[in-house]
Amino acid sequence: MPDNGGKRLKEEYETIDLLEILRLLKKNLLVILAVTILLAVAGYLVSTFAMTPQYEASATLIVNSREDQAAAQAPITNDQLTSATKLVDTYAVILTSDTVLDKTISNLNLNMSYNDLVERVRIESVNSTQVMKITVKDTDPERARAIAADIVEQAP
1 MPDNGGKRLK EEYETIDLLE ILRLLKKNLL VILAVTILLA VAGYLVSTFA MTPQYEASAT
61 LIVNSREDQA AAQAPITNDQ LTSATKLVDT YAVILTSDTV LDKTISNLNL NMSYNDLVER
121 VRIESVNSTQ VMKITVKDTD PERARAIAAD IVEQAP
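Quick note: the sequence shown uses my numbering, first residue 1, plus one each step.
Just so you know, the hints here were simulated from the structure itself, not pulled from any lab data. Keep in mind that a hint or two might mislead.
[Said to hold, decoys possible] Computed beta-carbon distance windows for the label pairs:
hint, residue 1, residue 2, range
1, 122, 86, 14 to 22 angstroms
2, 21, 49, 37 to 45 angstroms
3, 23, 53, 27 to 35 angstroms
4, 14, 135, 50 to 58 angstroms
5, 109, 43, 31 to 39 angstroms
6, 118, 14, 54 to 62 angstroms
7, 98, 36, 32 to 40 angstroms
8, 33, 53, 29 to 37 angstroms
9, 45, 11, 49 to 57 angstroms
Predicted model only: the values in this text are computed from it and were never measured. Built from N, CA and C at the ideal position, the CB exists for glycine as well.
Let the hints inform the model, and build the full structure from the sequences given.
Structure below.
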């Protein structure tokens, strides 16, 4: 306990008057409403005219090795699951390669470069399983769907 010279510290409390706060809010109600409406209108205008909508198309695939497919009736082992999960990472590299995406650009007559397309494509494992999710973002929902479908068609 700190030594304060034997003196007791006097604590001062400032009371808050609820009626005073309500009077202050009532007095400035027009300013508060005007600022709120102005910011709401500004947000609407920005989202309507300045922002381009982005659409996503997704496809999911189950990744199995050839051994897994051959032994479909046998129980699945932990090694097979680990192998399939690692295959998702391998497939992600393959499906975002210039070979696959350049073919997608050619198949769909897209007016974009490989670098533009690869930035729009995200491939990931779903919860560290053998399920692979391909997601494509684009300003045109139909083009996003077509790109995702074309990538799925090229999946090994």
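Hints and how they fare:
1. 122 with 86: 14 to 22 angstroms: holds, 19 angstroms
2. 21 with 49: 37 to 45 angstroms: With Cβ atoms ~38 angstroms apart, the hint holds.
3. 23 with 53: 27 to 35 angstroms: Hint violated: Cβ distance 45 angstroms, outside 27 to 35 angstroms.
4. 14 with 135: 50 to 58 angstroms: This hint holds: roughly 54 angstroms between Cβ atoms.
5. 109 with 43: 31 to 39 angstroms: For residue 43 against residue 109, whose Cβ atoms are near 37 angstroms apart, the range 31 to 39 angstroms holds.
6. 118 with 14: 54 to 62 angstroms: The hinted range 54 to 62 angstroms holds for residue 118 and residue 14, with Cβ atoms some 60 angstroms apart.
7. 98 with 36: 32 to 40 angstroms: Given about 51 angstroms between the Cβ atoms, the range is violated.
8. 33 with 53: 29 to 37 angstroms: holds, 30 angstroms
9. 45 with 11: 49 to 57 angstroms: holds, 51 angstroms
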